[in-house]
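Q: Chain by chain, the residues:
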Amino acid sequence: MSVTPQVYEIGDAVRLLHVKTENTKTTCISLILLTPLCENTAENTVLASFLAHSAKKYPTLARVNEQLEELYGAAFSSDVSKLGEGYRLRLSVTCINDALCLDGEQISADALRLLLDLLFEPLCENGAFDAHQLETEIRLCAQDIESELNDKRAYALSQMVEHMCAEEPYGLSKAELLEGVKSVTPESLYEAWQTLLSTAAISVQVVGDVDFAPLEGMLRTRFGALSRAPRAVETVFVEAAEEFSEYTEEMELNQSKLVLGFRCGMQNADDDFFSMRVMADVFGGGPYSRLFMHVREKLSLCYYCSARLDRRKGIMVVQSGIEAKNKQAALDEILKQLSVMQNGEFTDEELSASKAALCDAYRGVNDTPESVDAYYAQFVDTKPQTPEEIAEGIGAVDRAAVVAAAKRLTLDTVYFLKGGEENA
Amino acid sequence: MREIKNERLGERYYEIDHKSGLKILVYPKENYASTYAMFGTRYGSIDTDFRLQGEEHFTSVPEGIAHFLEHKLFESEELDAFERYAKTGASANAYTSFDRTCYLFSCTDNFEASLEILLDFVTHPYFTEATVQKEQGIIGQEIQMCRDEAGWESLFALLRAMYHLHPVRIDIAGTVESIADITADLLYTCYNTFYNLSNMVLCVAGKVNPDEVLEVADKVLKAQAPVEIERKFHEEPREVKAAFVEERLAVAAPIFSLGFKEAVETPERSLKELIISNVILEAVCGKTTPFYTELLESGLSNTSFDCEYFYGYGYAAWIFTGETPDARKMEEKLVARIRDLQESGIAEKDFLRIRKKLYGRTVMQFNDIESIANGMVASHFRGESIFDDAEILENLTLEEVNARLRSAIDTNCRSLAVIRGKE
Numbered sequence: 001m002s003v004t005p006q007v008y009e010i011g012d013a014v015r016l017l018h019v020k021t022e023n024t025k026t027t028c029i030s031l032i033l034l035t036p037l038c039e040n041t042a043e044n045t046v047l048a049s050f051l052a053h054s055a056k057k058y059p060t061l062a063r064v065n066e067q068l069e070e071l072y073g074a075a076f077s078s079d080v081s082k083l084g085e086g087y088r089l090r091l092s093v094t095c096i097n098d099a100l101c102l103d104g105e106q107i108s109a110d111a112l113r114l115l116l117d118l119l120f121e122p123l124c125e126n127g128a129f130d131a132h133q134l135e136t137e138i139r140l141c142a143q144d145i146e147s148e149l150n151d152k153r154a155y156a157l158s159q160m161v162e163h164m165c166a167e168e169p170y171g172l173s174k175a176e177l178l179e180g181v182k183s184v185t186p187e188s189l190y191e192a193w194q195t196l197l198s199t200a201a202i203s204v205q206v207v208g209d210v211d212f213a214p215l216e217g218m219l220r221t222r223f224g225a226l227s228r229a230p231r232a233v234e235t236v237f238v239e240a241a242e243e244f245s246e247y248t249e250e251m252e253l254n255q256s257k258l259v260l261g262f263r264c265g266m267q268n269a270d271d272d273f274f275s276m277r278v279m280a281d282v283f284g285g286g287p288y289s290r291l292f293m294h295v296r297e298k299l300s301l302c303y304y305c306s307a308r309l310d311r312r313k314g315i316m317v318v319q320s321g322i323e324a325k326n327k328q329a330a331l332d333e334i335l336k337q338l339s340v341m342q343n344g345e346f347t348d349e350e351l352s353a354s355k356a357a358l359c360d361a362y363r364g365v366n367d368t369p370e371s372v373d374a375y376y377a378q379f380v381d382t383k384p385q386t387p388e389e390i391a392e393g394i395g396a397v398d399r400a401a402v403v404a405a406a407k408r409l410t411l412d413t414v415y416f417l418k419g420g421e422e423n424a
Numbered sequence: 425m426r427e428i429k430n431e432r433l434g435e436r437y438y439e440i441d442h443k444s445g446l447k448i449l450v451y452p453k454e455n456y457a458s459t460y461a462m463f464g465t466r467y468g469s470i471d472t473d474f475r476l477q478g479e480e481h482f483t484s485v486p487e488g489i490a491h492f493l494e495h496k497l498f499e500s501e502e503l504d505a506f507e508r509y510a511k512t513g514a515s516a517n518a519y520t521s522f523d524r525t526c527y528l529f530s531c532t533d534n535f536e537a538s539l540e541i542l543l544d545f546v547t548h549p550y551f552t553e554a555t556v557q558k559e560q561g562i563i564g565q566e567i568q569m570c571r572d573e574a575g576w577e578s579l580f581a582l583l584r585a586m587y588h589l590h591p592v593r594i595d596i597a598g599t600v601e602s603i604a605d606i607t608a609d610l611l612y613t614c615y616n617t618f619y620n621l622s623n624m625v626l627c628v629a630g631k632v633n634p635d636e637v638l639e640v641a642d643k644v645l646k647a648q649a650p651v652e653i654e655r656k657f658h659e660e661p662r663e664v665k666a667a668f669v670e671e672r673l674a675v676a677a678p679i680f681s682l683g684f685k686e687a688v689e690t691p692e693r694s695l696k697e698l699i700i701s702n703v704i705l706e707a708v709c710g711k712t713t714p715f716y717t718e719l720l721e722s723g724l725s726n727t728s729f730d731c732e733y734f735y736g737y738g739y740a741a742w743i744f745t746g747e748t749p750d751a752r753k754m755e756e757k758l759v760a761r762i763r764d765l766q767e768s769g770i771a772e773k774d775f776l777r778i779r780k781k782l783y784g785r786t787v788m789q790f791n792d793i794e795s796i797a798n799g800m801v802a803s804h805f806r807g808e809s810i811f812d813d814a815e816i817l818e819n820l821t822l823e824e825v826n827a828r829l830r831s832a833i834d835t836n837c838r839s840l841a842v843i844r845g846k847e
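In order, the protein sequence lines correspond to chains A and B. The first sequence begins at 1 in this note's numbering and counts up by one. The second sequence begins at 425 in this note's numbering and counts up by one.
Please keep in mind that the hints were generated in silico from the structure rather than gathered at the bench. Computed from a prediction, not measured in an experiment: that's the story for all the values here. Where hints are given, some of them may not hold.
[Claimed, not checked] Distance condition first, Cα-Cα at most 25 Å in a straight line; then the derived SDA-like pairs of lysine to any residue:
id, chain 1, residue 1, chain 2, residue 2
1, A, K325, B, V600
2, A, K327, B, Q560
3, B, K846, B, P678
4, B, K711, A, D110
5, A, K298, A, N343
6, B, K773, A, Y58
7, B, K511, A, D348
8, A, K182, B, E718
9, A, K327, B, G564
10, A, K418, B, P678
11, A, K182, B, L720
12, A, K336, A, E239
13, B, K696, A, L100
14, A, K336, B, D504
15, B, K429, A, L100
16, A, K325, B, Q560
17, A, K298, B, D609
18, A, K418, B, C570
19, A, K336, B, G561
20, B, K780, B, A802
21, B, K665, B, E755
22, A, K56, A, A225
23, B, K846, A, L157
24, A, K20, B, N455
25, B, K846, A, D151
26, B, K643, B, N620
From just these sequences and the hints, can you work out the full model?
A: Next up, the structure:
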């Protein structure tokens, strides 16, 4: 279905985005706050967990969850993630449509009320968050950071980024974050919460087949009353790497991980975005891509080898899982395929396969409230582009644009998480 | 063609017995741009010993062959399936589980062309020794990758501890050694047994109508005589094989998997048993229980804590997993919690709240064409309908739930698997 979001300004840098879907079974509501990555990073990390687990009205995790179960098992999530050099805190709830409730309840309004209580009425008094709960939250966050090691692919990726962007906020160090989290105090958390409400760019998203007016009323009242001094998020775009750096870390593993970081030559998130998006996909997107066809299918070096563009930071990352002894062979082949891209030696079929697959994926976004909600969360502080607009932009990319985009890439960092026989 | 409706949800789908022998389920969703199609066979990693009715001997095949076959089916003498999909823009994939193998795609355009590719490549195998050999490197890396995944390793360590003989204890992809024994001939034997249309189902959901599906099915599918497959399972002892196992991997904190092995008298669980099991798990350690809060606040667990009713042909178990500094203590706590609840029974108000939650979660699935298609495949193989859940939930009684809580979980019949960090 074709749906255009309605966008309202309901406060200073507070946006309300409403997408009406039809015949869908759920309503998704998200409160998204975007703040500079290097500011109160540890506190904001803990906040995502603290706010999700209690509020004045629901002082324990069990009470929050009882309320969610009363709302027909409404699904709640809360997380923080990087968006360029912004830190995005997102509280979301998904509930079934009011019309599907067994006793005629209006649970969408109750679900929003719960979300607002969690964000605006946390468990605090006299300028400090609840110390007893904070103790638990600090431990949970610390364990969460440490347990990234259990997912070797994620671990290798974040190690590469830490090396590559060591001089930029984006290279957020896990060790420092962990230290920071452990030193969060009830007072510093309260401060950070106040700062967040006052300075973050805020986007509220309501998606579903739902009566919007009552929800809009509640949102305007709550966010309209905020005293605001918003600050914009700035992201450093490094245009080119001079020469690449190599890092190797050894671990007892069965499979080694090779991760490459490239600078895309972009100056901002919109700079050459469509060409970059297509280029990264022909290079290492679906099973029609150069990396899949060559590193995996022709040379049997790996199970996965793929490329991903981060438009908000202007970098592209290639990830692969290989045998330690094949590192050089894999690296050589990845770079060889990059030169194929830069020399325009890919086929027209590959280009059109990539464009068709990308457009296909964007055209499906509007099918469910969940995917619409997830999709628009990338535009907290920028003008939202509809999936159709992106598909259109991608459709217009030609071979010359892809070659030009590939030529702007420079290899910045090669990171190798080395396992192997002797280490396993 | 039969129409199956659910008035409350305002949903319907169509069930068709195609003349080729294939069951086809089509679930149109108005206003959707995408279509999701799934072609599945009741064949997975546990099918290691089998014969067709009338055959004299059982055939034993190497571990991991169902998954290997899934990879190889994408190839043909000419263009492989991915190259063909590249022209339609569909996003295609496949997976193998313990008891089924499914091939799927989603698309917003060129649905009929993509469906033709799906039906065509799955019904036209092409295996040679050279292509089999090439795949051993790729799957070898997939196996190694999984061996580094602590959650996966912990689950299989537990399954190997709980089960003596049932093939659920073997890794879905097999081992680097077992897949070395796979040959093109063996692949054809498995294919000819399990990829008979009478053992398969095609489920399509989203922007689609039954006629579009039938037109392609008529064109591609040749009629096949149905087969009867006999699976050989060795008698699995009631007791677990080992009460405790430990392995080492590079992990941040120890990871535990605790399993209570259920005694199964019939090979398959009914939908009602599955739903009741989920109610029980919510009551034991759902996020609203004081027990869950206590685990979290005492530091014994964190947000990675999870539980699952784990079941399939000839096996069922209640599994609890997560990170913990003290797996033994965790085991003690969980055993005590289950015994207490078996003693006291689940309270009426908790039961009503859990039932409401599960009703909501059931409704939510009907947004997503991927979960609809998957749900149709699963419920078809179980002989039930995707709409049955909501009705069963509505009519469920607390007595039935408490009865199963007491009869199905034997706290003495358990295994604990722990993955610890390297020294």
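Q: Given the proposed pairing of A/K56 with A/A225, does the C-alpha separation stay at or below 25 Å?
A: Holds, at roughly 19 Å.
Q: For the pair we were handed, A/K20 and B/N455, check the Cα-Cα distance against 25 Å.
A: Holds, at roughly 12 Å.
Q: Sort out whether A/D110 lies within 25 Å of B/K711, counting only the CA atoms.
A: holds (20 Å)
Q: Taking 25 Å as the top limit, are the C-alpha atoms of A/K336 and B/D504 close enough?
A: Measuring from Cα to Cα gives roughly 24 Å; hence the hint holds.
Q: For the pair supplied as a hint, A/K182 and B/L720, is the alpha-carbon distance within the 25 Å limit?
A: holds (17 Å)
Q: Has the given pair, B/K665 with B/E755, been kept, meaning a C-alpha gap of at most 25 Å?
A: Holds, at roughly 17 Å.
Q: For a C-alpha distance cap of 25 Å, please report whether A/K418 and B/P678 respect it.
A: Answer holds: A/K418 to B/P678 is near 22 Å, not above 25 Å.
Q: A/K418 and B/C570 were given as a pair; does the straight-line alpha-carbon distance stay at or below 25 Å?
A: holds (16 Å)
Q: Measure nothing beyond the straight line between the CA atoms of B/K846 and A/L157; if it is 25 Å or shorter, mark the hint as holding.
A: holds (22 Å)
Q: Taken at face value, is the distance from the CA of A/D348 to the CA of B/K511 at most 25 Å?
A: holds (11 Å)
Q: Given the hinted pair A/K327 and B/Q560, is their Cα-Cα distance within 25 Å?
A: holds (18 Å)
Q: Straight-line Cα separation of A/K327 and B/G564 no greater than 25 Å?
A: OK: A/K327 and B/G564 at ~16 Å, within 25 Å.
The earlier numbered hints are all upheld by this structure, with none contradicted.
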